[in-house]
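A.B. asks: One-letter residues, chain by chain:
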Amino acid sequence: MNLSDIQSIAEQEVDFQRGFTHRINVCCSSGCVPLGAFEVLKAFQDAVKEFGVEKECKVAKTGCFGTCSVGPAVIVDTAGRTRPSLYENVTREKVRKIVQDHIVLGLPVKEMLYKNAVTFKKQHRLVLRNAGRIDPSRIQDYIALGGYSAIVKCLATMTPQGAIYEVSASRLRGRGGAGFSTGQKWGLVARAHGSPKYIVANLDEGDPGVFANRTLAEADPHAIIEGMLIAGYATGASKGYLYIRSEYPLAIQTLQKAITQARAISLLGNSVLETPFKFDIELRFGAGAFVAGEETAILASVEGRRAMPRPRPPYPANSGLWGKPTLIQNVETLANIPQIVLNGGSWFAKIGTKRCTGTKCFSLTGKINNPGLIEVPMGITLREVVFDIGGGIPDGRKFKAVLVGGPSGGCLPETLLDLPIDYDSLTKAGAIMGSGGIVVIDDTDCMVDTSKFFTDFCMDESCGKCTPCRAGLARVKEIYDGITSGNSRLEDIGILEKTGSYIREASLCGLGQTAPNPVLTTLRYFKDEYLEHIQQKTCRAGKCFRKEEVSE
Amino acid sequence: MSASETRRNLLEKVMKENGHQQSALLEILHKAQEIYGYLGKELLTDISQSLNLPPSTVYGVATFYSLFKLTEPGEHIVTGCLGTACYVKGVEEIMRGIESEFKVKRGETTHDKKLSLFVTRCIGACAMAPNIVVDEEVISKATKEVVLGKIRVALGGLKVESV
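As given, the protein sequences belong to chains A and B, one line each in that order.
The numbering of the first sequence is our numbering, which starts it at 1131 and goes up by one.
The numbering of the second sequence is our numbering, which starts it at 23 and goes up by one.
Calculated from the structure, these hints are not laboratory results.
Since this is a predicted model, take the numbers as computed values, not measurements.
Some clues are possibly wrong.
Each computed EDC-like pair below joins lysine to aspartate or glutamate, with the alpha-carbon atoms no more than 20 Å apart [claimed, not checked]:
id	chain 1	residue 1	chain 2	residue 2
1	B	127	A	1412
2	B	53	A	1572
3	A	1595	A	1658
4	B	163	A	1412
5	B	163	A	1169
6	B	53	A	1412
7	A	1595	A	1412
8	B	91	B	115
9	A	1369	B	97
10	A	1607	B	94
11	B	163	A	1627
12	A	1607	A	1572
13	A	1369	B	39
14	B	63	B	39
15	B	53	B	94
16	B	38	A	1412
17	B	163	A	1572
18	A	1673	B	94
19	A	1673	B	49
20	A	1387	A	1412
21	B	38	A	1433
22	A	1387	B	130
23	B	135	B	167
24	B	163	A	1231
25	A	1454	A	1433
26	B	91	A	1590
Which stretches of chain A does chain B cover? Using the computed rule of at least three CB atoms under 8 Å from a CB of chain B, they are [as the list claims (entries may be wrong)]:
id	stretch
27	1205 to 1211
28	1224 to 1233
29	1552 to 1564
30	1573 to 1587
31	1602 to 1615
32	1631 to 1645
33	1650 to 1657
All residues carry an ideal CB built from backbone N, CA and C; glycine is no exception.
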């Protein structure tokens, strides 16, 4: 296979797909599968045969549309219709009706359609552009939509410096949480001395409540592979490691298959598309350690050691895997790259805000009407996300707080709902972008208990290497145990604040530095609940002061 | 070939596939756990010899990562997701329910070795929280009644009378 062959694969596949009037996309990602997606897929395959329309219908197994709360979800896309129809809560029983009415008679079944289509209005799908549109197990599907044409463009017409220039011009910032400039990082690795150089793609996604990277890998694995290829070409790396947590079996399977397919048409290997560029990818599996997502810890884990962070400098750009220059990027960052190469950095820089360009994927969960995965332009407000896209709070309850950025994010109150979502505004408010988790909390939840839960999580996941994080978090947890069981004094609030800021200032890595965020933000915005627990020994949500129910 | 020889050969095959690379330790531990069900002391010593690593290093890695099991799990495994979304959606109530009905604490196995109760920090199915995994089956939007019922069925319905 050479550079022009990708174009011919695309043309062939487009021709093949034109042969079908309807495309039925059944979401078969981790969200819909437990709800019966495979039964629905089988039912569609049977029904199109039963009604004799299998020649005009392509039934495809796809990734996630983001509407996980109404799964199994199915999209019917008919040639000539402007908008595809999204069906919610599809069951085996509903399938025949959809095929009979929609496919055979041309009348979409209105009462089965997704009710909250407004959810999509404020979204901007860039990273998730192919999610739910392609069958992730077919490389041709990706190529037909322009896939791998960015690496072809790089190899045919761009120098490595040219590729870095476009990425710099896009002003893309790392989506793993810290928001470091991607172009700058690439430049550092490209200029670093040492050979070989490595790319590490981070799909550890250890933050509970976050599933954006999983969804991306399950829906569009080739976008990650193409991003890694371009990163390799630009920085001079010949080997990539894709580090994925083993809690995601379906994503692992999807990626394994995608890598095999890419190798088969020489997109990976000793001579990529018959050019002198050499690049291959190996998967590495995590084993349940939150800290492994930290950039120096992930290196240790890829090398087969305990995932413990180390002080920087030296930075991984100069001394990473086995002491060699290494580029570490989150997979969401990498999935942006092909679009940037194809459309140019200045095109990308127009999306989002001036300081934070592009879009961000968020997992929207907790007490919210439309939980699921969304992708929004940077700078959108929390209110728009929670109330317009998320549809507000269910069961007539009242909004209390939104937790942004995972277990080491911050709990923000109603008064901050008009905050624009970008790295800098969130940090100023005491939260972090993190990997993009938004958990909504209503008035039946206790902020002290919530903060205790996160502290417990971070304490559990602390690797134990540095004292502030190891001992500090344990001390904070003890104080919380006291406050929630009636064994506390007013001074505890001051001790919490002081210990929290010590941990933040003195910890070695990002885990410890951000772990006190929930403690400090709940103290800042919800102090009245702490006072209630300490002075009146009551919990308005009824979560604390419970007797242990388990007997030996 | 005896069962233990078969397992031994499987493990040797995994070692070969990974070229006895020390950096593939995690992959090898994953496969070893798949083959043997858990990582016993002898097994870890074997692996350390094959990879030419000190046993302390292998033991250190095996204990560092929470997915590796160092003791034999029960016949049935129930794993509760204690991620943020599941917590907010009340997984704790379900966990307490399991603990009290089946007399097992999280992280432990019942005396009759029938049931192990584990926790995990997020399986990434947060939009359908709370999630509980009973053996291989993910139960999404779980309720206490459904989960307890599933476990009773998995255990052979033996516990039904005692409720």
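A.B. asks: A separate judgement is required for each hint: does it hold in the structure or not?
C.D. replies: Evaluation of the provided hints:
Only pairs whose Cα atoms come within 20 Å are accepted, and residue 127 of chain B paired with residue 1412 of chain A is rejected, the gap being roughly 38 Å. In summary, the hint linking residue 53 of chain B to residue 1572 of chain A is not supported, as the alpha carbons are separated by about 43 Å, beyond the 20 Å threshold. Between residue 1595 of chain A and residue 1658 of chain A the alpha-carbon distance is near 35 Å, which puts this suggested pair outside the 20 Å criterion. For a cut-off of 20 Å, the pair hint linking residue 163 of chain B to residue 1412 of chain A is broken: about 35 Å separates their Cα positions.
At roughly 19 Å between alpha-carbon atoms, residue 163 of chain B and residue 1169 of chain A fall within 20 Å of each other, so this suggested pair holds. Restraint check: the Cα-Cα separation between residue 53 of chain B and residue 1412 of chain A comes to about 16 Å, which is no more than 20 Å; the hinted pair holds. For a cut-off of 20 Å, the pair hint linking residue 1595 of chain A to residue 1412 of chain A is broken: about 29 Å separates their Cα positions. Note on residue 91 of chain B and residue 115 of chain B: the hinted pairing is violated, with a Cα-Cα distance of about 25 Å set against a maximum of 20 Å.
Only pairs whose Cα atoms come within 20 Å are accepted, and residue 1369 of chain A paired with residue 97 of chain B is rejected, the gap being roughly 41 Å. Of the pairs offered as hints, the one joining residue 1607 of chain A and residue 94 of chain B is violated, with about 31 Å between alpha carbons and a cut-off of 20 Å exceeded. For a cut-off of 20 Å, the pair hint linking residue 163 of chain B to residue 1627 of chain A is broken: about 36 Å separates their Cα positions. Restraint check: the Cα-Cα separation between residue 1607 of chain A and residue 1572 of chain A comes to about 23 Å, which exceeds 20 Å; the hinted pair is violated.
Restraint check for residue 1369 of chain A and residue 39 of chain B: the C-alpha separation of about 18 Å stays at or below 20 Å, so the hint holds. A hinted pair counts as satisfied when its Cα atoms are at most 20 Å apart, and residue 63 of chain B with residue 39 of chain B does not qualify at roughly 23 Å. Restraint check for residue 53 of chain B and residue 94 of chain B: satisfied, since their Cα atoms lie roughly 16 Å apart, inside the 20 Å limit. For the proposed pair residue 38 of chain B and residue 1412 of chain A, the alpha carbon gap of about 16 Å is at most 20 Å, so the pair holds.
With a CA separation close to 18 Å, the supplied pair residue 163 of chain B and residue 1572 of chain A stays within the 20 Å bound. The suggested pairing of residue 1673 of chain A with residue 94 of chain B is violated, with an alpha-carbon distance near 35 Å, which exceeds 20 Å. For the hint linking residue 1673 of chain A to residue 49 of chain B, the alpha-carbon distance of about 41 Å lies beyond 20 Å, and the restraint is violated. Between residue 1387 of chain A and residue 1412 of chain A, the direct Cα distance comes to roughly 12 Å. Compliance with the 20 Å bound is thereby established for this hinted pair.
Our distance criterion of 20 Å between C-alpha atoms is met by residue 38 of chain B and residue 1433 of chain A, whose separation comes to about 18 Å. Restraint check for residue 1387 of chain A and residue 130 of chain B: not satisfied, since their Cα atoms lie roughly 36 Å apart, outside the 20 Å limit. For the given pair, residue 135 of chain B sits about 23 Å from residue 167 of chain B by alpha-carbon distance, which is inconsistent with the 20 Å threshold. Distance check on the hinted pair: residue 163 of chain B and residue 1231 of chain A sit about 31 Å apart at the alpha-carbon level, beyond 20 Å; violated.
About 12 Å separates the Cα atoms of residue 1454 of chain A and residue 1433 of chain A, which keeps this hinted pair within 20 Å; it holds. Using a Cα cut-off of 20 Å, the hinted pair residue 91 of chain B and residue 1590 of chain A holds, with the two alpha carbons roughly 17 Å apart. Closer than 8 Å: that is the beta-carbon criterion, and the stretch 1205 to 1211 of chain A has 0 residues meeting it against chain B, so the requirement of 3 is violated. With 0 residues bearing a CB less than 8 Å from a CB of chain B, the stretch 1224 to 1233 of chain A misses the requirement of three and the coverage assertion fails.
Counting residues of the stretch 1552 to 1564 of chain A whose beta carbon lies closer than 8 Å to any beta carbon of chain B gives 0, which falls below the threshold of three, so the coverage claim is violated. Beta-carbon proximity to chain B at under 8 Å applies to 5 residues in the stretch 1573 to 1587 of chain A; the threshold of 3 is reached and the given coverage holds. With 0 residues having a beta carbon nearer than 8 Å to a beta carbon of chain B, the stretch 1602 to 1615 of chain A misses the requirement of three or more and the stated coverage is violated. As drawn, the stretch 1631 to 1645 of chain A meets chain B at 0 residues by the rule of a beta-carbon pair under 8 Å; below three, the given contact is violated.
Given as covered by chain B, the stretch 1650 to 1657 of chain A fails the check, having 0 residues with a CB less than 8 Å from a CB of that chain where 3 are the minimum.
In summary, the structure is inconsistent with hints 1, 2, 3, 4, 7, 8, 9, 10, 11, 12, 14, 18, 19, 22, 23, 24, 27, 28, 29, 31, 32, 33 from the numbered list given earlier, while agreeing with the others.
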